[in-house]
Amino acid sequence: MIGDVIKYEQDNIDTDVIIPGTYLKIHDYNELATHAMEGLDPDFPSKVKDGDFIVAGKNFGCGSSREHAPIALSTCGIKAVIAVSFARIFYRNSVDGAFLLPIEVDEETYKKISNSDKLEINIENNEIKNITKNETYAMKPFSEIIAQIISAGGLFKYKK
Amino acid sequence: MNITEKILARASEKSSVSPDDVVFAKVDKVMVHDVSGPGVLKVFDKLQKQGIDTSKLHDSTKVWIAEDHFVPTAEKVSAENIIKLSNFSKKYDIKKHFKYGMGQYGICHTLSHEEALVNPGEVYVGGDSHTNTTGALGAFACGLGHTDVAYVLLNGEIWFKVPETYYFKLNGKLPSHVMAKDYILKIIGDIGTDGGAYNTMQFGGTGIDEMSVESRLTLTNMTTEAGAKNGIIESDEKTVQYLTDRGATNATVLHGDEDAEFSKVFEYEASELEPTVAKPFSPDNTTVARELSSTELDKSYIGSCTGAKFEDLLAAAKILKGKTVKIRTEVLPASISIYKKAVKQGLIEIFLDAGATVGPPTCGACCGAHMGVLGKDEICVSTTNRNFPGRMGHVESQTYLASPQVAAASAVTGKLTDPRDLN
Chain A
0 MIGDVIKYEQ DNIDTDVIIP GTYLKIHDYN ELATHAMEGL DPDFPSKVKD
50 GDFIVAGKNF GCGSSREHAP IALSTCGIKA VIAVSFARIF YRNSVDGAFL
100 LPIEVDEETY KKISNSDKLE INIENNEIKN ITKNETYAMK PFSEIIAQII
150 SAGGLFKYKK
Chain B
0 MNITEKILAR ASEKSSVSPD DVVFAKVDKV MVHDVSGPGV LKVFDKLQKQ
50 GIDTSKLHDS TKVWIAEDHF VPTAEKVSAE NIIKLSNFSK KYDIKKHFKY
100 GMGQYGICHT LSHEEALVNP GEVYVGGDSH TNTTGALGAF ACGLGHTDVA
150 YVLLNGEIWF KVPETYYFKL NGKLPSHVMA KDYILKIIGD IGTDGGAYNT
200 MQFGGTGIDE MSVESRLTLT NMTTEAGAKN GIIESDEKTV QYLTDRGATN
250 ATVLHGDEDA EFSKVFEYEA SELEPTVAKP FSPDNTTVAR ELSSTELDKS
300 YIGSCTGAKF EDLLAAAKIL KGKTVKIRTE VLPASISIYK KAVKQGLIEI
350 FLDAGATVGP PTCGACCGAH MGVLGKDEIC VSTTNRNFPG RMGHVESQTY
400 LASPQVAAAS AVTGKLTDPR DLN
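These protein sequences, in sequence, are chains A and B. Per numbering that gives the first Met the number 0: the first sequence = residues 0 to 159. Per numbering that gives the first Met the number 0: the second sequence = residues 0 to 422.
Accuracy of the hints is not assured; some may be wrong.
[Claimed, not checked] The calculated lysine-lysine pairs, modelled on DSS-like cross-linking and capped at a C-alpha distance of 30 Å, are:
1) A:Lys156 <-> B:Lys13
2) B:Lys45 <-> A:Lys46
3) A:Lys159 <-> B:Lys55
[As the list claims (entries may be wrong)] Just some of the chain B residues that point at chain A, by a computed CB distance under 7 Å:
4) Ala78
5) Ile81
6) Ser85
7) Tyr197
8) Glu209
[To be verified] If you anchor each label on the Cβ, the simulated ranges turn out as follows:
9) A:Ser45 <-> B:Thr243: 53 to 59 Å
10) A:Gly76 <-> B:Ser17: 37 to 43 Å
11) B:Asn422 <-> A:Lys111: 53 to 59 Å
12) A:Ala151 <-> B:Gly354: 55 to 61 Å
13) B:Asp19 <-> A:Lys128: 27 to 33 Å
14) A:Lys156 <-> B:Lys55: 48 to 54 Å
15) B:Asp258 <-> A:Asp3: 37 to 43 Å
16) A:Gln147 <-> B:Asp44: 37 to 43 Å
17) B:Glu268 <-> A:Gln147: 18 to 24 Å
18) B:Ser270 <-> A:Asn29: 51 to 57 Å
Source of the hints: derived by calculation from the structure; they are not laboratory data. The C-beta atom is built at its ideal place from N, Cα and C for all residues, glycine as well.
Isolated chain A, as found in the complex (with noise of 0.2 Å):
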């Protein structure tokens, strides 16, 4: 899949910014995409576009269990997001509701990877080209369940 890159050079981008906790009562998913990153980026549902991913920095996601937050993501177009590391929760609703991909990366591919770069991710081979600058990053591989479950199309969909 290929994308371009929204980055927030930032660690522990929490559920409570991802879609603040006024929000917990809608559960029309196009309305909760007008909101998302409203406490750290409020332009964000204007400038996102289909098919783009979010580059961060370690624990992306922590806070609640709100899925919400994956589910105003990926409405807004949001495929995968690249980050150092996830909390839990985020990352298991993420995978278990097929709403985007949570990639982990090192450090160091993170601070390589900057805004508005065109990424192609390979979850096969567990690569990102960054095709605006020319370099090839590895992913980290998902477990074997995530992998399994990614595969199916999320957990209902998902045999043991």
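Use these hints to put chain B onto chain A, whose structure you have.
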């Protein structure tokens, strides 16, 4: 095996499990509330369109429903979510639905122990990150999202990667004016908001033996803020008594094996602890309360699953007795049962005499929902659990996380105050 491994092995019908094993665990109890319940129903709608049968739950007797985040209904859409929950419990014949305005209700993580809904040794999942709280009863308690909870409701089980366990050995009795909240803030300050990520945080030692069940619940509650999969405390006679007093019939003492393994051990001495505060904008941004004594405040908030249990209110009332608050102070008991006990024991009168306002049980402003949310530049000391930007309202408001004693002492002075320094 340690207690978490023993519970997951039993629930997945294996003789033993080790960290990193992937298991499908049978779930004993499952909770949804007015945020996750409608979210689960949305997943059900999607599943129906895919031809998946959602007409029957795996076992509706294992399910219970709380109304807590946006109640009393904050606006029309919240009222509609509450109606959806009522239709949900009716359709699937869920008997344990704690409705606001109809007797006992409150914050889901408070009901789980106040109503003895979860027993030691059980696998309990909830559609809320602070489900970890209930691990203080010796259960494997873990928060999940809507899709996962929907899966549990329909299939009665869910996958887990068996976590590594960090063991926190807490030695000795807490000094006067130091509470379990100070302990867990200190620990999170030491290990960071990802310091327990994907792992179990287990607490034990003489400090736990000394501690009340309610204090233990404060520790496990905030393991979520360290990113932990679950927080857990082996059940003992105190746990069994606490649950039996609340109607449990099969609560038992449950320990890990003698040769249980932990991937890391941390040791703390209670005597070295002081009232501790997490500054904006992260629960790991901690310092001792005395360092912040010049911090001017606009509000003191005593509420939430973390900081509005009965003993939290009692601790705050002891400080507020005969005093007058200098800043807006809001007290929201975490459940009706706690509220009633606080009325009977005169705590509510103390709060009102001090000038504080007392609200109904609700998650309320803790998650920026309603009832006391903060405006731009407002600064609040709060007994809640998170202080990320915008957590309690405006993205430029500030929250200092603290114990009920610090929140009460600060209410009296209008500045962040160590309760030991209050005249």
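Outcome of range test on Cβ distance (Ser45 of chain A, Thr243 of chain B; 53 to 59 Å): 57 Å, holds
query: Regarding the hint that Ile81 of chain B lies at the interface with chain A, is the smallest CB-CB distance below 7 Å?
result: Given a least distance of 10 Å, the restraint on Ile81 of chain B is violated.
- prompt: Honestly, do Ala151 of chain A and Gly354 of chain B meet the 55 to 61 Å range at C-beta?
  reply: With a Cβ separation near 58 Å, Ala151 of chain A and Gly354 of chain B satisfy 55 to 61 Å, so the hint holds.
- prompt: Taken at face value, is the distance from the CA of Lys13 of chain B to the CA of Lys156 of chain A at most 30 Å?
  reply: 25 Å, holds
- prompt: Is Lys159 of chain A close enough to Lys55 of chain B, meaning Cα to Cα at most 30 Å?
  reply: Satisfied, since the Cα-Cα distance of roughly 21 Å is no more than 30 Å.
query: Are the Cα atoms of Lys45 of chain B and Lys46 of chain A separated by 30 Å or less?
result: Measuring from Cα to Cα gives roughly 28 Å; hence the hint holds.
field: Minimum beta-carbon distance criterion (7 Å), Ser85 of chain B to chain A
entry: Since chain A brings no Cβ nearer than about 16 Å to Ser85 of chain B, farther than 7 Å, the hint is violated.
- prompt: When you take the CB atoms of Gly76 of chain A and Ser17 of chain B, is the distance between them in 37 to 43 Å?
  reply: 40 Å, holds
query: Cβ-Cβ distance between Lys156 of chain A and Lys55 of chain B: within 48 to 54 Å?
result: 20 Å, violated
message: I want to verify a distance hint. Is the separation of the beta carbons of Asp258 of chain B and Asp3 of chain A within 37 to 43 Å?
response: Cβ of Asp258 of chain B to Cβ of Asp3 of chain A: about 53 Å, so the range 37 to 43 Å is violated.
query: Range hint 53 to 59 Å: satisfied by the CB atoms of Asn422 of chain B and Lys111 of chain A?
result: 58 Å, holds
- prompt: Does the Cβ-Cβ separation between Glu268 of chain B and Gln147 of chain A fall within 18 to 24 Å?
  reply: Between Glu268 of chain B and Gln147 of chain A, where Cβ atoms are some 46 Å apart, the hint is violated.
Comparing the model with each earlier hint shows violations of hints 4, 5, 6, 8, 14, 15, 16, 17; every other hint is respected.
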